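Produce the entire structure from the sequences given, and follow the hints as far as they go.
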Amino acid sequence: MCVELNPFSYEFQENPYPIYRWLRDHEPLHRNEQLEFWALSRFRDVLPSLVDWETYSSSEGVVLERLDPKMLEATPMMISLDPPRHDRLRKLVSRAFTPRRVESLEPFVRATAVRLLEPLVAEGGGDFVKDFSTPLPMEVIFTLLGVPDADRRQLREWTDLALERDPDTPAIPPRALEASLLQMRYWYELLGELRRHPNDGLMCSLFEAELETDGGTTRLTDGEIIGFCSLLGAAGNETTTKLLANAAVLFARHPGEYRKVLADPARLPGAIEEILRHSSPAQYAARTVMRDVEWYGRTVPQGARILLLIGSANHDEREYRDPERFDVDRQIPEPVGFGQGVHFCLGASLARLETRVALEEFARRFPRYTVDEAGCRRVHMSNVHGFASVPFARA
Amino acid sequence: MRVIVDPVLCEGNGVCTQVAPEIFALGDDDRARVLVERPDEARRAALETAVRRCPRRAIRLVEG
Numbered sequence: 001m002c003v004e005l006n007p008f009s010y011e012f013q014e015n016p017y018p019i020y021r022w023l024r025d026h027e028p029l030h031r032n033e034q035l036e037f038w039a040l041s042r043f044r045d046v047l048p049s050l051v052d053w054e055t056y057s058s059s060e061g062v063v064l065e066r067l068d069p070k071m072l073e074a075t076p077m078m079i080s081l082d083p084p085r086h087d088r089l090r091k092l093v094s095r096a097f098t099p100r101r102v103e104s105l106e107p108f109v110r111a112t113a114v115r116l117l118e119p120l121v122a123e124g125g126g127d128f129v130k131d132f133s134t135p136l137p138m139e140v141i142f143t144l145l146g147v148p149d150a151d152r153r154q155l156r157e158w159t160d161l162a163l164e165r166d167p168d169t170p171a172i173p174p175r176a177l178e179a180s181l182l183q184m185r186y187w188y189e190l191l192g193e194l195r196r197h198p199n200d201g202l203m204c205s206l207f208e209a210e211l212e213t214d215g216g217t218t219r220l221t222d223g224e225i226i227g228f229c230s231l232l233g234a235a236g237n238e239t240t241t242k243l244l245a246n247a248a249v250l251f252a253r254h255p256g257e258y259r260k261v262l263a264d265p266a267r268l269p270g271a272i273e274e275i276l277r278h279s280s281p282a283q284y285a286a287r288t289v290m291r292d293v294e295w296y297g298r299t300v301p302q303g304a305r306i307l308l309l310i311g312s313a314n315h316d317e318r319e320y321r322d323p324e325r326f327d328v329d330r331q332i333p334e335p336v337g338f339g340q341g342v343h344f345c346l347g348a349s350l351a352r353l354e355t356r357v358a359l360e361e362f363a364r365r366f367p368r369y370t371v372d373e374a375g376c377r378r379v380h381m382s383n384v385h386g387f388a389s390v391p392f393a394r395a
Numbered sequence: 001m002r003v004i005v006d007p008v009l010c011e012g013n014g015v016c017t018q019v020a021p022e023i024f025a026l027g028d029d030d031r032a033r034v035l036v037e038r039p040d041e042a043r044r045a046a047l048e049t050a051v052r053r054c055p056r057r058a059i060r061l062v063e064g
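Top to bottom, those sequences are chains Z and Y.
Oh and the first sequence: position 250 is 250 in the working numbering, straight run, nothing missing.
Oh and the second sequence: position 26 is 26 in the working numbering, straight run, nothing missing.
Keep in mind the hints are simulated off the structure, nothing from the lab.
What you are looking at is a predicted structure, and each value in this text was computed from that prediction instead of being measured.
Treat each hint with caution, since some may be false.
One side only, chain Y facing chain Z, incomplete, derived with CB under 10 Å [unchecked claim]: (1) L9; (2) R38; (3) P39; (4) A42; (5) C54; (6) P55; (7) R56; (8) R60.
Pair ranges (Cβ atoms, derived) [unchecked claim]: (9) Y:P7 <-> Z:R219: 22 to 32 Å; (10) Y:R52 <-> Z:G215: 32 to 42 Å; (11) Y:E48 <-> Z:R219: 33 to 43 Å; (12) Y:A45 <-> Z:E317: 32 to 42 Å.
Each residue gets a CB set at the ideal place from its N, CA and C atoms; glycine is no exception.
As structure tokens, this is what we get:
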């Protein structure tokens, strides 16, 4: 038997775990000749590679599909940059996302969650994704950035569409390219508008930010500001939405685990780490190999693309006992769901806070609920796994 | 053995302050402070755990 890993296969996205397991057992360094990439799947191989940015560079993007280098340069994003440029940019926004700063957002996050849940309570259910896990992170990140209310829904739709992929192919579909251009145009227009009429959002704080250079400091270019906003906008929307809905589906499938959290809310933070391990929204990080590297007797040549399979590392039986089991009390000493090292998810604290508060408020109103599994639909994105629709009802 | 926290890399995730609260504390600027720069050899195991678990890999142990 020989298994091929194709991250664009809809069947793979439905359930990637049997393929990951085969790869870990039989081909821990995998080669896909057709799509021209390599992949590492074991926890103890993925983790140090995520940390080693000098060997595994992000400079050609972190998804498998080829991104237009001109676009990468026009709106530089720290996610696809290496140190030192990465660190100089990240430093400008990192203070806004520390656990302590993020804690101060809790009342706002809670009020937003409660407001969004009201109609769902009245109806006795709804679509967890459309009605709750999509609008909540959207309101939070766009409020932080200073995006006007009236524009949020449209901007989010473009972000979503820009990430959509057709079955089996890494070719970026025209509708995704168009959405991505519309989104960029919007950010340019907003930038102009906010320069004339500033608000207290993060975008405006970047106008004054001083970027370190080799010779001194400089202001950010428009492209750099837009790179930041589109990156934070996309990251803040897409992954938290998936994490929350994965939680709703997992708890519906494992009511015993849900009851443990209901009985003892102090278990929720641990449960969130387990959701992130069991059903990680970010399934892989792509890198470019900067020097020849040896793995399992084969050489991955300099310049090759390699996928670090976070989703597989999270299910590695060499690291976790009975990894397919969803266990809210599992100990996860070295989580990799948010990455590790210089590119460790800047919004990890915010994602943890949003997920905790959202699930606390949801659980209070829906201590028993069922998910209509046949009605669930998945998203089809390259490295983000999760649901586009999760119908649920009070039980 | 000396403990060093890189102030650029540290983003105050607070993992080290949980693993070894007698060695690390969070400062007002949301960065980890080293309370005991040259800790006792008995603390080595805890410090190595802190180094390994820091999500930003911001902690270093320097011998001597």
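Unsatisfied constraints (hint numbers, rising): 2, 3, 4, 8, 12
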